[in-house]
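Note that the protein sequences, when read in sequence, are chains A and B. Each residue of the first sequence is one higher than the last, beginning at 1 in the numbering used here. Each residue of the second sequence is one higher than the last, beginning at 371 in the numbering used here.
Hints are computed from structural coordinates only; laboratory data are not their basis. Think of the CB as a built atom: it goes at the ideal place given N, C-alpha and C, for glycine as much as any other residue. Treat the hints with care, since some could be wrong.
[What the hints assert, rightly or not] Listed next, with one range per pair, are the computed distances between beta-carbon atoms: (1) B:K452 with A:L22: 19 to 27 Å; (2) B:G531 with A:E174: 27 to 35 Å; (3) A:I144 with B:L460: 50 to 58 Å; (4) A:E145 with B:G466: 57 to 65 Å.
[Stated by the list, open to error] Residues of chain B clear of chain A, computed beta-carbon distances all greater than 10 Å: (5) Q401; (6) L492; (7) I509.
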Amino acid sequence: MWANFRRWKWVCLLSSLQLTVLGLLIMALLVIGGTILQADKGIYAAQREVFQSWVFWLFGLIPMPGMLLVGALLFVNLLAALLLRLRFSWSGLGLVLVHVGMLVLLGGGFISSNQSREYFMTLGEGESSRMASAAREWELAVWIESGGNRQVQAVDIADLRPGRPWSVPGFGLELTVERFLANCRSLAGAAPGETVLEVAPANADPAENVPGAVLNLRGPQGRTERFSLQAGDEAPVVQRWSGRDVHFSLRLQRIILPLRLTLLDFTRTVHPGTDLPRSFTSRVEIEGDGLRREALIAMNRPLRFRGYTFYQSSYGEDAQGGASSTFAVVRNAGRWLPYVSSAMIFFGLLWHFAAQLISAKKKSLPEAKP
Amino acid sequence: MPRWVLLGLGVLACAGAFVPAACRREPRARQYVESGTEVPRTPAAARTEQTEWNWENPRQWRQETGTGLRLATFSIGGGNSKGQCALVPLPGDGGGIEANVLRWLTELDLPQFSTAELAGFLGRQNQLLSRDRRPVTIIDFTTLAPGPLNPSLMVAIVPAGNQTLFVKLSGGKELLEKNRDIFLSFCRSLSRGG
């Protein structure tokens, strides 16, 4: 059975070294192409187009495999080579480990690409917060206010497909996006307070867009409402439903962090004789898990707390000379996988070369003469 | 277990990772409680001093990426007659006008001025106002260049609070003279802040 299986052409192709080399070559070309594209279109567009896509169109005409497709192909290729070509024995354990390590590396890259989330938190000196917001991803937030707090139900706007209803949990409301506009301008409508959204050309970087949506709302007793929301509009739309004021807002995604961060002090040092920053350092106070302690966040010196990593991202100065510090807050489920895979590859190669050495030594020993 | 079964299972397991997300009919809601008074500042509120200068890009010049000390670099002309314009902000007065003029003379391989000559040369230079009403001193070295192809300079110096912006147009004398009006318009378009 096994011998027959290995005779199948497609299996040989799938597990072939030629496919590995081809995949690595395309990967290298994609890295070069993505780097060139980044100078022209910006880092976000280049990442989306080349590194986070399955297929993209070169010059808008030629279909090209994206990094996800090439990565998936290499993953299957390595898996096939591992299962069909390698010998599962003590002497072959090194190569098995190397292959598994590379699979973990590719899988980790895929997990990071899909699951990693980046948020930003900007604090002035003396300010504190436990909230961070995304730079490009938007959410539709629905809330009621009680006791100075907001009970928020939010959904990522990317998850709301036009025509597919969303039952807002705990509100008895069903919300449907009639139309989503990636970038729009608002115009005053005919009726007082009415806003009409006009489509604007979308920018390559979503951070430069102001999205909008036309929503249909269905409530108890079949009451329906139709209204539009424009992102970035600080004043939410408020409607009265079942005796409560319900707020609707299209805004940058927010997360509540498991800690409260207070910026105690921000220091910036510059290269002598210039205004070019050499380093930024933020002295912060962390309050969470029943603890309160001070920590430093600096360039190449992030703070890690309960699965979140806080990087020093940028800084600002207001007109009064007050400093503010911006942290990139990253949550990445696959954060440890590159370390695991590197260790596996290292020990795999060590095992393999040690096994080769021992085998060579055994062969070179003089034969015992009678 | 045969290896081909293992391979199939491996591929199926990978594909299976996508199925739950693809089959989800209802968007996944997130629930949280936020303080009514706590509004996150957006990163856009953070602004570095490097971005504080604004200007209008001249249509005839090609902007390149600003590197190192430079806020921006424009390339001018083409073929055998190329030049560039660079914007460099420096803290304080950037060394002072007199010291810089003497240094630029050395760069251009021109004879040094005596104190009286330097005062006379600076007295002949023009001043204009930037968009935000800051005085802009234009130091024009083209009058000193002996031939049309000799390297020359036009420098605009804009003091602005704790720093001074130097706009340095360099290239052959002829090219600079052709671009003089564009350079002056560019200097008038400069402003600092939001």
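Hint by hint, here is what the structure shows:
1. B:K452 with A:L22: 19 to 27 Å: Violated, since K452 of chain B and L22 of chain A (Cβ atoms, about 43 Å apart) do not stay within the stated range.
2. B:G531 with A:E174: 27 to 35 Å: 56 Å, violated
3. A:I144 with B:L460: 50 to 58 Å: Since the Cβ atoms of I144 of chain A and L460 of chain B sit about 54 Å apart, the hinted range of 50 to 58 Å holds.
4. A:E145 with B:G466: 57 to 65 Å: 59 Å, holds
5. Q401: Contrary to the label, Q401 of chain B does not stay out of reach of chain A, its closest Cβ about 6 Å off (not over 10 Å).
6. L492: 24 Å, holds
7. I509: 21 Å, holds
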